[in-house]
Amino acid sequence: MTNFSRRTVLAMTGAALATPSLLRAQSGGTVKIGAMLPLSGPASIEGHQVLKGVEFAIKQANAAGGVFGKPVELAIEDDEANSTRGVTAVRKLIESENVPFIVGTYPTAVVVAANKVSKEYGVPMLSGGSTGAAGTEANTPGDPWFFRCWPDSNGQGHDTAMAIVNTFGAKKVAIIHDSSNYGTTLAAQVTRIVSDAGGEIVSNDSFNVGEADFSTMLTRIRTLKPDAVYIGGWAGDGATIVRQAAGVGLRTQFVGSGSMVSDDFIKLAGPASEGFAVATLYEPSTPNEKGKAFGEAFEAEYGHSAGTLNALGYDSTSIGIEALRRAGESDGRKVQEVLNNGMADFPIAMGPAGTTADYNEIGSVDFKNFIAVIKDGKRTLSGA
Amino acid sequence: MSDPILSVEGVVKRFAGVTAVDGAGLSVGAGEIVGLIGPNGSGKSTMVNMVTGEMPADSGTFRFDGRDITALPAWRRARLGMARSFQMLRLFGSLSVEDNLLLARHISMKRSMWESVLGARPAREEEEAVRARARELLGWFDLAPFADRKVTALSIGQQRMVELARGVIADPRLFVLDEPAAGLSPPNVDRLIALIRRMRDEFGISILLVEHDMRVVRDLCDRVVVLDSGTKIAEGPPAAVTQDPVVVEAYIGRGWKRRAQA
Amino acid sequence: MDLFLQYLANGVVVGSSYVLVAVGLTLIFGILHVVNFAHGEFYMLGGYAGITASTAFGLPLPASLAVVAAVSCLLGLGAEALLHRGLKNQDQTSSIIASFGLAVALQNAVMVTMGPQPELMHTELAYKAIELGPVFLPAPRALIPPAMLIIVGALFAALRWTWTGRSLRAMAQHETVARLCGVKVRRVAVITFMLGATLAGVAGFMMSAVYMVHPLVGNMIVLKAFIVVIIGGMGSPLGAAAAGLLLGVIESMTSAYLTNGLRDVVGFLLVIAVLLFRPQGLFGRSLERS
Amino acid sequence: MTRAALITLAILAVGFVAAPFLLGGYELNVLMVALLYVILAVGLNLATGYCGQFSFAQGAFYGIGGYTAGILSRDVGTGFWMNLPAGIVVTGLFGLALGLPALRLKGHFLAIVTIAVQTLVYLGLVQWNSLTGGQNGLAVPPIGETTLFGVRLFEVTSLRDLYWVALVMAAVFVFIAWRLVHSRLGREWVAVREDETLAGAVGLNTTFAKLTAFVASAAFAGGAGVLNAHAMQGVTPDDFQIWISCMVVAMMVVGGRGTFMGPILGAIALTILPELTGELARYKMLIFGVLLVVCVTVAPEGALGRIRKARESRDQAASGRAPAKDPSEASA
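Protein chains in written order, with the UniProt record's numbering: chain V, 1 to 384; chain F, 1 to 262; chain P, 1 to 290; chain H, 1 to 332.
Because the hints were derived from the structure by calculation, they are not lab data.
The structure presented is a predicted model; accordingly, all values stated were derived computationally and were not measured.
In this text, a Cβ means the ideal position worked out from N, Cα and C, and glycines have one as well.
Listed next, the stretches of chain V that the computed footprint assigns to chain H, with coverage defined by at least 3 CB atoms under 8 Å from CB atoms of chain H:
1) 87 to 94
2) 109 to 116
3) 171 to 181
Computed far set for chain H versus chain P, every beta-carbon distance over 10 Å:
4) Val14
5) Leu72
6) Asp75
7) Arg308
Bound conformation, chain V alone (with noise of 0.2 Å):
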């Protein structure tokens, strides 16, 4: 027994030292960047929506004769939508893969404990997802290491109770969110902007993510006759909500949070979703021409439209990617330098036409989110 305890830590000592050298055998024929993103427990759904987005970005920048002469090939990490997690993920990704900047990660609150150590080693974030304002707050003004090229979840929230309380008229407005943080600081946020410009909120009412079953809520909120209904959370809780609330017999205005108006949200809403609007950061019919040309070469890959989650996954790796090449080495401070004063010109998928990764001191790109809006199974821009 005492031989063979010693053996056995000895072989586990010998495995862990052994590690860092395994890992650290670089290949030499492509140029790494790195992705971290919650691949598995509870925010996975979304992690591997944002990941193919990353993954068709890195495919096109290949096909165009990838950075430096070489591939671009991507060393993914799992954070588990876990900060413990997060902060491994990141030394490993940058002490083991030697990667210039990470694409990541989803959960805002995972972003604000890895950056604060990818800062420390000179390596810029660019958000897998993360939309929550505080990713962006936690950013020294002038020299971000985060970078989110689209606007903040109160950019989001703004611009949908505007939607809520001008296009679409509504006075009195219902709110309902899921108990995430994205779902938690929207439904504030149109809350505070709908009660601002005259509204009136008739009812707030969170919910966990993983509950089925809305109808009792939803009956309440029939009898409080909302002109319109707000749903902050994930595509699948608004989905089943839009669902529900026909078979209760709610019928309003419903506007959902952005990344809600996707086919699979047609297809899993059914006919309850007809008129369903959202604001939202992409949309495939979008007049921005990068957008278009995007969505086109995401169908044509994958055999369904581009979701908000693939398309802004696709802009920060692009962005990331192009940066890298303007960087002109593997440098993750070259990079950062770049990202934040270089790269003004470039146009990405997501906005109104013509906008580019024209990062403000923050590190945030402010643009006016599109109203879509479900007509005839289909998705429309309303306005646009």
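Based on the hints, put chains F, P and H in the right spot on chain V.
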């Protein structure tokens, strides 16, 4: 005889409508070995479990060493000086023989638990003393070579001895033995009888003995209490009680009748 | 009042769906003393099997149902080997850990093969509705309570009047005695698992026309089912039926008259209270805790 | 076992002390996380492995420790060295509260209550916005400068410094666990696990034993939680879901519950191994699930328990069937 160490009066215990013990009582004097016998299902085990506090009684009073212990749980009764063995052997299976004894001695250790956790010298010395005492006792029970052995590695007969040693090490006033001879070979039963007598004679432990083996009862007991259907049907010296026609009827008569019915 | 009835009806519908998942769990828990955390995955896989059969292969409803039952039986067979036979002579909590491992493995296997996006079964029924006085229910929802009644009724009858059913109940009482009375323990265990898995699978299939199915859907389902099993008293299908309806209605009323955010909290508080003050469950007879 | 355990501990100690001089930040980070899990698993082992009281709430206690640090930092302005004892005490009290149901419930009923408690704590962290900051969680300052009576002692700034703090804390907790299980209290825990009725019959206060086991177990998690909060400079509810509890249970089970070294090695192995999956990362969780099932079915006593069992049966064989022979029978 002075005041009894244990006196039990008017105990009633019902299980889902069946009355297992119905107003029975018994007492054990200081230094006395009292047998508790009766046919199967007469309520002996229930009685024992109520005496030691494993099972609450529906009514009745229990006095131990002049003190009313009716409301006390088993562990408080043990701390007052009541030890027991179990009909179905019960030992801390994953621990060594010595540790099994040690645990039974925890109650009389003077040093606080925290001194033990901190590893303070007085606590360590006390534990060493108890270990020495455990080894001494194990020698007494012919178990010295097995002190460090895991208790389940011992034979059933040896495990019975560990149970006795566990009771003795606590320095109890009363030792309740629940069928200690069950499953022992005849030579071992002889040894058991000798050991129990020595426990009383050398350590002054009073004993309440539940037993089926009439030889053990005859050889050891000063007095015998006979239960049948939860009531006391006889009491007295073993020789007298075993001649009592009521007792004979309870054991043999009914047994014979039962056999005839089957 | 009309509104109250609608809330009640919603609660009954949701509660019935809990019952369907929980009856299988309560059998496995009550008869074999296996705490099966993979039960939510039986539900999830039933949903996926049904959707694949009916959508991808275009099978009619009865054939899809047969596919779901077959897949579930296979799952039950495998789960029994792992969680019951494989863990003989081990303490009670081993099944919790092993079934948790099984749940993680199944979830991620589905995540890898089917992808993370939610799926929904489309039926023509979705566009029909039933109105009973003031209560309005879409057809797929309205079908859940009667289906629950039929399934639980059939199960109850089978347990009562068939030899296998009696064997199952005997096992729940005392395994050794049942064995002595000629009950084939192994066979009963396999049947219990297959039955439990099939009930969960069918529930997942039916529910996939109402709620969505995704790889992680089992997490919440299994917790709700455990709440129902404990409130109802383990091993009691009728207790589970009553408790499931009760939980559904309580959740509905919490959502209607308190706040929706507390909906899930109520169930867990109820479980802790029941276990502390009435461990045999609200509807169970006293059970020996050994 | 004791000698082997000491040798193993010594080897581990040498490895962990040498690590900062040999390894880069990533590997050091992994080892620091491993140390946090060591504290969690060793703590859980006190209640579950030694005292036999199953708990799926270790992740909740981890969170309560972290949130105690977060709330104190925010509302009182205290630093790490004040938050650490506070977090341990607060979490210990929560452990006491969880111990109360354990006085009445056993086996899987207790396990399910702990699952309910874990879920409730998570929902509480999410929904009690004013106290916990809801989904956004709380920011926690770094450990930073440490002073004693105004004298600057040292400063924790880099990962390396943090690692040392974690290593010292883990060593202290492991030492405390060692003292606990080798004291009278630890022996009583084992007695309760082995046979609660018998423990009562020999006069042990089983209520006290169970409650102390739960308190100790939770207090360990609380300590780890405070350190994690300051190391991550923040706490969010998602970091303390039931998933973490299950992970800690897995570490303890895979290593060997009720053995001293098992949970330590289990925690280290299950933290390091997933980092080595490389190309298999996509199947990481799938592998983990299968591993858990296999481990419980094939070696339920865990790796170390398995080794110990093998040694015992070998010893028994070597001593020539001694237990079967009863010397008293021979002499009679």
